Amino acid sequence: MSILRLLVGLASGVLFGFGLAFSGMMDPGRVEAFLDITGPWSANLAFVLCGAVLVASIGVQISKRMRHPVLADTFNLPSGTTIDARLLCGAAIFGLGWGLAGFCPGPAVASLSLGLPIVLAFVAAMSVGMILHDRLAKSRNR
Amino acid sequence: MTHIAPTYVDSFIGGILIGLSSLILLLLNGRIAGISGIFASLFGRADRQLWVSLAFVIGLILGPLLFRAVLGDWPLVRIPQSFPLIIVAGLLVGFGTRLGSGCTSGHGVTGLARLSPRSMAAVAVFMIVAVLTVYLKRAGGWI
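From first to last, the protein sequence lines stand for chains D and L. Quick note: the working numbering has the first sequence finishing at residue 274, numbered continuously throughout. Quick note: the working numbering has the second sequence finishing at residue 144, numbered continuously throughout.
Hints in this document: simulated from the structure, not taken from any laboratory. Note that the structure is a prediction, hence the values are computed from the model and not measured. Cβ atoms here follow ideal geometry from the backbone N, Cα and C, with glycine treated the same way. Possibly wrong hints are sitting among the right ones.
[Claimed, not checked] Computed, partial: chain L to chain D, Cβ under 10 Å:
| no. | residue |
| --- | --- |
| 1 | Leu18 |
| 2 | Ile62 |
| 3 | Gln82 |
Looking at chain L on its own, in the form it has when it is part of the complex (with noise of 0.2 Å):
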């Protein structure tokens, strides 16, 4: 089965398991599954919250793996971007991710599960911005 087109009905499903992992973070952990800062903390200082935020990165990682050996194929990863270009927007998207502290997960889905002022606020700056920034490249003839 290969999985070119997910269907509106496979998002919102892959949404559900996506605020389960949340949902059992914040239950169990008492923590929120914001990949921007799980992410960072691997950088930071070496305490007893790295390794359970190391653990979540590696199953991250392992979660496109299981998709695979459940559904037969790679998931679809279209990436027609220069390699330039992308290098900026990671440094982009790091460093934004860090000062507005937090990204599409952190801010977007727990935050504002917790109707979260902050997160309302971040959502729609980076929603705007970034359906600008796609208007801005179709303006250009970038796609």
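The following block holds chain D by itself, in its conformation from the complex (with noise of 0.2 Å):
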């Protein structure tokens, strides 16, 4: 059971990763050009979200039909409906980064593939910022 969890997990990564490299997501520089609604707009981006937000909704309908995942005992999934400051704050200061530099946690991970310098400094600097995050709310909750 545990085994295959680890294995869908992998699998999906897969898929996320491959799907991102088709889709031209990966590309900061599309990305960018998909976010500058003055400059030369490209809509890859919305086909992208599109596509996926599609085929995640079936998979959001089916789930509701079930009573629990094939291979787990409970959905887990994130209850909260207030739409706090923490939630805008965190949105903008993520939306700010992304206009920066193009790149998403997504796309920024997959980039790893290619062993470009830039990319790692990339994902170090957002490890940072992810566990100084966590660092801070955990000593905040204490």
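Both chains are sitting in their own frames, so use the hints and assemble them into the complex.
Structural data, given as structure tokens:
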């Protein structure tokens, strides 16, 4: 059971990485072209998001008819519905970083496969940002 | 075959594959394919979920290698930014996605598919701020 879950994680990751590569989302230049609405705009990212949300929606609908996931006892889903300052500030800080570099976490981690030092630098900095946040959140909750 | 400029059809197909990845993880493991959350969990507590996260991240890095094996060329990755700017952006992306509980995948794909109000708000905010940032970069002559 546990081994199967690992294999599902691996397969899901490969599919995600392949999809990112195929879609053009791994290229910060193209992501920037999508965000650059006053420049030579490229709609690619909208097509990526539409395809992804469409298929994920089918998954969500199927999941509602299941008592539990095939390989686990419960669905592990966020249940919160309040739109708070934390969420909005976090999204804004992320949006600023995304606009600056054209990289979001998925494409950045997938791009590690290319072995470019600048990608490594981005992922290292991103990791530091994540650890920093989680440490701060932990010490505040104590 | 070089894959320099993905067409809109390529992007749509790539999106379908990303959606399929989220569907598989949800229906089989009961988890959301949110990259920032999965990646950050690598630095967290060592539990059983950690290994699944690690398997996902390894798969994510193997994906583009499979792309190269199948299509014969690396996907295009253009990063014109300087190292210092990339470091600042990386810090912001890491901190922001944790504070906001998700990124383009968790909020943008599965969150929107679940019609989560939190995800809709997050996607609206990070899209608007990212567009504004790029607009200011253009206005400032950076691009």
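Could you work out which of the previously given hints the structure breaks and list their numbers from low to high? none
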